[in-house]
Structure formats: C-alpha cells, structure tokens
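Peer 1: Below are the chains, spelled out letter by letter.
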Amino acid sequence: MENNELQAIWKTLNTGGQQRSKEELQLLLRSKARHTMNRFVTETLISILISAGLFVYLIITSINRANDMYYLTINIILLVITLVSIVSGYLSWKTLRGNPSDQPLKDQPLKVWLEKRTSVLTKWLYGRYCKLYLYLIPPLFILILLSIHVYFEYKPFLEVLNNAESVTGLLVALPIGLFVSFFTAGRIRRLRKQQLEFLLDLQTRLSGI
Amino acid sequence: MKSINDEFLEIISNYQGILHKVNLVYFRSRSEREENFQEIVYQLWKSFPELKNRESLGSWIYKVAINTSISRIRKASRIEYHPNLPDICDKTDTVEFISRNSSLQMLLEAISHLDEIDRSIMLLWLDENSYEQIAGIIGISPSNVGVRINRAKEILRKLMNTSNHGKQ
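If you're matching them up, the sequences are chains R and V in order. Taken in order, the first sequence gives residues 26 to 234; the numbers are from the numbering used here. Taken in order, the second sequence gives residues 3 to 170; the numbers are from the numbering used here.
No wet-lab data here; the hints were simulated from the structure. One should not assume that every hint holds.
[As the list claims (entries may be wrong)] Mimicking DSSO-like on lysine-lysine, the simulated pairs with C-alpha atoms at most 27 angstroms apart in a straight line are: (1) V:K160 / R:K57; (2) R:K57 / V:K155; (3) R:K218 / R:K136; (4) R:K136 / V:K48; (5) R:K141 / R:K36; (6) R:K47 / R:K57; (7) R:K218 / V:K23; (8) V:K155 / V:K48; (9) V:K23 / R:K47; (10) V:K160 / R:K141; (11) R:K148 / V:K65.
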C-alpha cells in the first residue's frame, strides 16, 4: 500500500452528514450550562436526602430513648439543626431547579436563567456565612458522634460518659472524624467553586448571545 | 457589524468538519462523540476572544480539538476507541457511510492501534498538513513529526495489508 493511498482513502471521508447549523451550535453551548447546573441540583438533592436520613434516625433513636434526658437534649439540638438544613437545602434546590417550564432553551435568555442561579450559589460559596461550616462541623460532629455512640452502647448517657473505655474510644474517633469531615467539606467546596467559576465565566461570555 | 459570537459561530460552522474528524479518530460511541463535540466547541468559544492570529484558524481548531479530546481520554481512562466501526446504535450519516466504505473502515481501525499523539499526527498528515504545521499544532519538532509519521505509516500499512489478506 502506497503512502498516497492512505491520504486518498482518508479523502473519501465525508463529514457533511454531521454538519450543524449556527442555531444548533448555539444551543449546544447553552445545554452545556444547563448540564453544569444540573450537577449542583443533584448534589443539593443528595445532601437533602442525607439530612432527611439523619432526621429519621434522630426521631427513631429519640423515641427509643425517651427517658434519657441528656441523650434527648443532644438529639433535639441535632433535630433542629437538621431540620433547618433540610428546609434551606430544599429552598435552594427549588431555586436551582426551577419549574419544568423554566428552561434556558425556551423563551428565557440563558443569561437571565444563569443569573438567578449563580446568585444563589455565590451566596452559598462567597456570602457572609460562607465560612460558617468551619464553626459548625466540630460541635455537630461531636453531637452526632455522641448520639450514635451512646445509642449503640445500649446504656444511659451518663453511664457511657463515666466509662473510661467509651471515653477513650470517643477521644480516638474525634480527631479522625474531624479530619475526614473537614477534608471532605473542603474538597466539596473547592469543586463547587470551580463549577461556579465556570458558570460565572459562561454568564459573562453569554452577554452577546 | 457582526458580534464576536456571530463571528465565532460562523467560523465553527465552516470548520466543523475538523471537529468531526478528530472525534471519529478518538471516540467510537455517538454519545462520547456528542459530549466531546460539545466540550470542544465550548473550549474554542472560551479561547476565541484571545485568539490573535485569525489567519491560522484551522491550526487553532485542530490544536484545541486534539488537546480537548486527549485530556478527555486521559481524564476518563474508561473511554477507549474500539475498532469494528460502526456502532450498532449509531445511525449518523458519517458512520453509515464509513460502514459502506471498507477501506476507510480499515484505515480507522488501524489508526485506533496508534497511541494518542500518533493518532493526532496521522490525522493531521492525512488532512495534508505540512510537517511544519503539524509540528506547530502538536508542539514537537518537524523532524520528530517526520520520524513519527514514517513509523505510524509503516504500522498502518502493515495492519491494513493484514486486514486485506484476512478478507481475501
């Protein structure tokens, strides 16, 4: 087979059937924005589901330990925080998702569609309370750890805390758990920042479309 | 006067054949090609305002398309080019055309045996770019391009001859 033959064969390739119009190319750019936004929507939904799972767990364990006042106090604090996070998560999810007719590919300009959502995300990631998680993780983690540990020891709260072995276990789990929690939260935050930067960049560039 | 976006869309509309060829060399399934096409268009759109030399649009499009495809493959190592085109579920005109053109199908199969860089070099060579142009796009010296092309041509010829004999 000669060299020129390879080029001759290649020349027979016709990509004409895949040609897209300018409008299709424009839609393609828009759908990329929607795709990225969908990731935020999914992630928010997952965090709501996790919070809902924790909420159910706290309700069940509180009912089972209704006589233990200390245990109940911890669970009620956690229940309130979980409920607040479910409600705020749901509201954000609703704004990010929008209603089914609220699509950038229909009548609404993509820039407006994006602006609505990026303002929510910017508040999350750069707003006044964006560092709140740094202060919330340690007390929340301690409370959740205590709630789970005490419940599965099948003993009253004070009895568990008076037990040297239990306290040692808690002290060992605490730094490890805190490290993992901070590490995971940091990673998620970095990923979300990247996604938001992409959307903000897209929003700026879309001014002309 | 045309806006920068109109200008961009017109250029991409005229040069999109390059994107389809790059896609064909690197990805087999329609969904992978679709996603990659979208990513390439976005990357081109992103870098378009900073493009200084509008004379060499083709080289710029090749460069972005090849780099985007290679980084996509490296990011998701699960994406591999598999020979035996076409995909059954793929009904695009180009793939149907390839399935009817056995020489082209053999050539694409043979190209899939090359590594990522050699695949792009051969794509550029098959599209009749000069060694200097290929070197500029890939970022290696023209002499290195020459060596790689000769080696790749040898591999392609052998593979295609083997396929030809197998069919006879």
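Peer 1: For the pair supplied as a hint, K160 (chain V) and K141 (chain R), is the alpha-carbon distance within the 27 angstroms limit?
Peer 2: Status violated; Cα separation ~58 angstroms.
Peer 1: Can the restraint linking K136 (chain R) and K48 (chain V) be considered satisfied, given a maximum Cα separation of 27 angstroms?
Peer 2: 16 angstroms, holds
Peer 1: Verify the proposed pairing of K47 (chain R) with K57 (chain R), using a straight-line Cα cut of 27 angstroms.
Peer 2: 16 angstroms, holds
Peer 1: What's the verdict on K148 (chain R) and K65 (chain V), does the C-alpha distance respect the 27 angstroms limit or exceed it?
Peer 2: Violated, because 37 angstroms separates the two Cα atoms, which is more than 27 angstroms.
Peer 1: Assess, step by step, whether the Cα of K155 (chain V) is no farther than 27 angstroms from the Cα of K48 (chain V), and give holds or violated.
Peer 2: 35 angstroms, violated
Peer 1: Is the Cα-Cα distance between K218 (chain R) and K136 (chain R) 27 angstroms or less?
Peer 2: The given pair, whose Cα atoms are some 19 angstroms apart, holds under the 27 angstroms limit.
Peer 1: Hinted pair, alpha-carbon criterion (27 angstroms max): K160 (chain V), K57 (chain R). Please report holds or violated.
Peer 2: Violated. K160 (chain V) to K57 (chain R) sits at ~41 angstroms, over the 27 angstroms cutoff.
Peer 1: If you draw a straight line from the CA of K57 (chain R) to the CA of K155 (chain V), is it 27 angstroms or shorter?
Peer 2: Violated. K57 (chain R) to K155 (chain V) sits at ~38 angstroms, over the 27 angstroms cutoff.
Peer 1: Do the alpha carbons of K218 (chain R) and K23 (chain V) lie within 27 angstroms of each other, as the hint requires?
Peer 2: 34 angstroms, violated
Peer 1: Are the Cα atoms of K141 (chain R) and K36 (chain R) separated by 27 angstroms or less?
Peer 2: 48 angstroms, violated
Peer 1: Would you mind confirming whether the straight-line C-alpha gap from K23 (chain V) to K47 (chain R) stays at or under 27 angstroms?
Peer 2: 19 angstroms, holds
The structure fails hints 1, 2, 5, 7, 8, 10 and 11 (numbered hints given earlier, in ascending order).
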